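Student: Each chain is listed here by its residues.
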Amino acid sequence: MGQAREMANETDLSARARQKPPTPGWVKLFAAIGILLVLVVVVLHLTGNGFMNHGALPTATERQP
Amino acid sequence: MMSPSLRKLSLTIHVTTSVAWIGAVAAFLALAVVGVRTLEGARVREIYGAMDLVGWALIVPLAIASTASGIVQSLGTPWGLVRHYWLLIKLIMTVGSVGLLVLHMQPTGMIAAMEPGHAMTGLESVQDQLLFDAAAAIVVLLVATVLSIYKPKGMTGYGHRKAAENAAS
Numbered sequence: 001m002g003q004a005r006e007m008a009n010e011t012d013l014s015a016r017a018r019q020k021p022p023t024p025g026w027v028k029l030f031a032a033i034g035i036l037l038v039l040v041v042v043v044l045h046l047t048g049n050g051f052m053n054h055g056a057l058p059t060a061t062e063r064q065p
Numbered sequence: 001m002m003s004p005s006l007r008k009l010s011l012t013i014h015v016t017t018s019v020a021w022i023g024a025v026a027a028f029l030a031l032a033v034v035g036v037r038t039l040e041g042a043r044v045r046e047i048y049g050a051m052d053l054v055g056w057a058l059i060v061p062l063a064i065a066s067t068a069s070g071i072v073q074s075l076g077t078p079w080g081l082v083r084h085y086w087l088l089i090k091l092i093m094t095v096g097s098v099g100l101l102v103l104h105m106q107p108t109g110m111i112a113a114m115e116p117g118h119a120m121t122g123l124e125s126v127q128d129q130l131l132f133d134a135a136a137a138i139v140v141l142l143v144a145t146v147l148s149i150y151k152p153k154g155m156t157g158y159g160h161r162k163a164a165e166n167a168a169s
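In the order they appear, the protein sequences are chains A and B.
Each residue of the first sequence is one higher than the last, beginning at 1 in the numbering used here.
Each residue of the second sequence is one higher than the last, beginning at 1 in the numbering used here.
Errors might be hidden in some of the hints.
Unchecked claim - So the derived list for chain B, only partly shown, Cβ under 10 Å to chain A, looks like this: (1) Arg7; (2) Ala27; (3) Pro78; (4) Val82; (5) Arg83; (6) Tyr85; (7) Trp86; (8) Leu88; (9) Ile89; (10) Met93; (11) Leu142; (12) Thr145; (13) Ile149; (14) His160.
I should point out that these hints are in silico values taken from the structure, not numbers from a laboratory.
Only a predicted model underlies this, so the values are computations on that prediction, with no experimental measurement involved.
All C-beta atoms, glycine included, are put in the ideal place defined by N, C-alpha and C.
Chain A on its own, in the form it takes in the complex (with noise of 0.2 Å):
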């Protein structure tokens, strides 16, 4: 009966060590900010209202005042 107990509470604390945490609030703050980061610059790049392409410098008509 003892044994049987015993074996019990080992199978549970196994079962707790392979059990993952819960993912501490920081990390979910630093995701959504990433998410939205990543976002805010797709949506940028997209709609053409972000910076320039990469590595391309307006032309000689462009750069007319």
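Fit chain B to the supplied structure of chain A, relying on the hints for placement.
Tutor: Using the frame of chain A, we list chain B on its own:
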């Protein structure tokens, strides 16, 4: 796992290159601020020439060295690379920053190489982008520094499984 002396050497390289990376980005940011406020063509070319030099000769090599030494440091110690959330987030931030850095470095050289007769008008978006990039890089590096010092608690699923395996064996 690394021996204690090798671990200290690796940590020294990682801290030195990381601190130098922040310093080089701060210099880049200062030049970007001056560049945005400068209108005179020859001076603009000088400033962006200096930014190009700081970027390719300091920031890019230091960023790569810091990231690589950080990865070596993580893999050679019980911390692991993806066992703790703070390390995983730091890895994602630094690898992403290095990628964006290399992608966004071209304009400095292009402005520096512009012919003297060229009008410098219409470059505001390029100059603003470089200023934004430098400011964002400082923020990312400061966040990475805070994460490294505070090491906030939290293990990933992989880290938890590994810890359970180690405890069982």
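Student: Tell me if Trp86 of chain B is really an interface residue toward chain A, meaning its C-beta lies closer than 10 Å to one of theirs.
Tutor: Nearest chain A Cβ about 9 Å off; hint holds.
Student: Using Cβ atoms only, decide whether Ala27 of chain B comes closer than 10 Å to chain A, and label the hint accordingly.
Tutor: 21 Å, violated
Student: Interface hint check: Tyr85 of chain B, Cβ to nearest Cβ on chain A, cutoff 10 Å. Holds or violated?
Tutor: 5 Å, holds
Student: Under the criterion of a CB-CB separation shorter than 10 Å, is Ile89 of chain B in contact with chain A as hinted?
Tutor: Because about 6 Å separates Ile89 of chain B from the closest Cβ in chain A, which is inside the 10 Å limit, the hint holds.
Student: Can Leu88 of chain B be said to touch chain A, with a Cβ gap under 10 Å?
Tutor: Since chain A brings a Cβ to about 9 Å from Leu88 of chain B, closer than 10 Å, the hint holds.
Student: Hold the hint about Ile149 of chain B up to the distance rule: shortest CB distance to chain A must be less than 10 Å.
Tutor: 14 Å, violated
Student: Next item in the hint list is Pro78 of chain B. Is there a CB on chain A closer than 10 Å to its CB?
Tutor: 17 Å, violated
Student: Quick one, is the Thr145 of chain B hint okay against chain A at 10 Å, beta carbons?
Tutor: 15 Å, violated
Student: Once the shortest beta carbon distance from Arg7 of chain B to chain A is found, is it less than 10 Å?
Tutor: Not OK, violated: Arg7 of chain B not within 10 Å of chain A, min 26 Å.
Student: Quick one, is the Leu142 of chain B hint okay against chain A at 10 Å, beta carbons?
Tutor: This interface hint is violated because 14 Å lies over the 10 Å limit.
Student: Checking hints one by one. Is Arg83 of chain B an interface residue toward chain A, by the C-beta closer than 10 Å rule?
Tutor: 13 Å, violated
Student: Would you check whether His160 of chain B satisfies its interface hint, that is, whether its CB is within less than 10 Å of any CB in chain A?
Tutor: 6 Å, holds
Of the numbered hints stated above, those contradicted by the structure are hints 1, 2, 3, 4, 5, 11, 12, 13, listed in ascending order.
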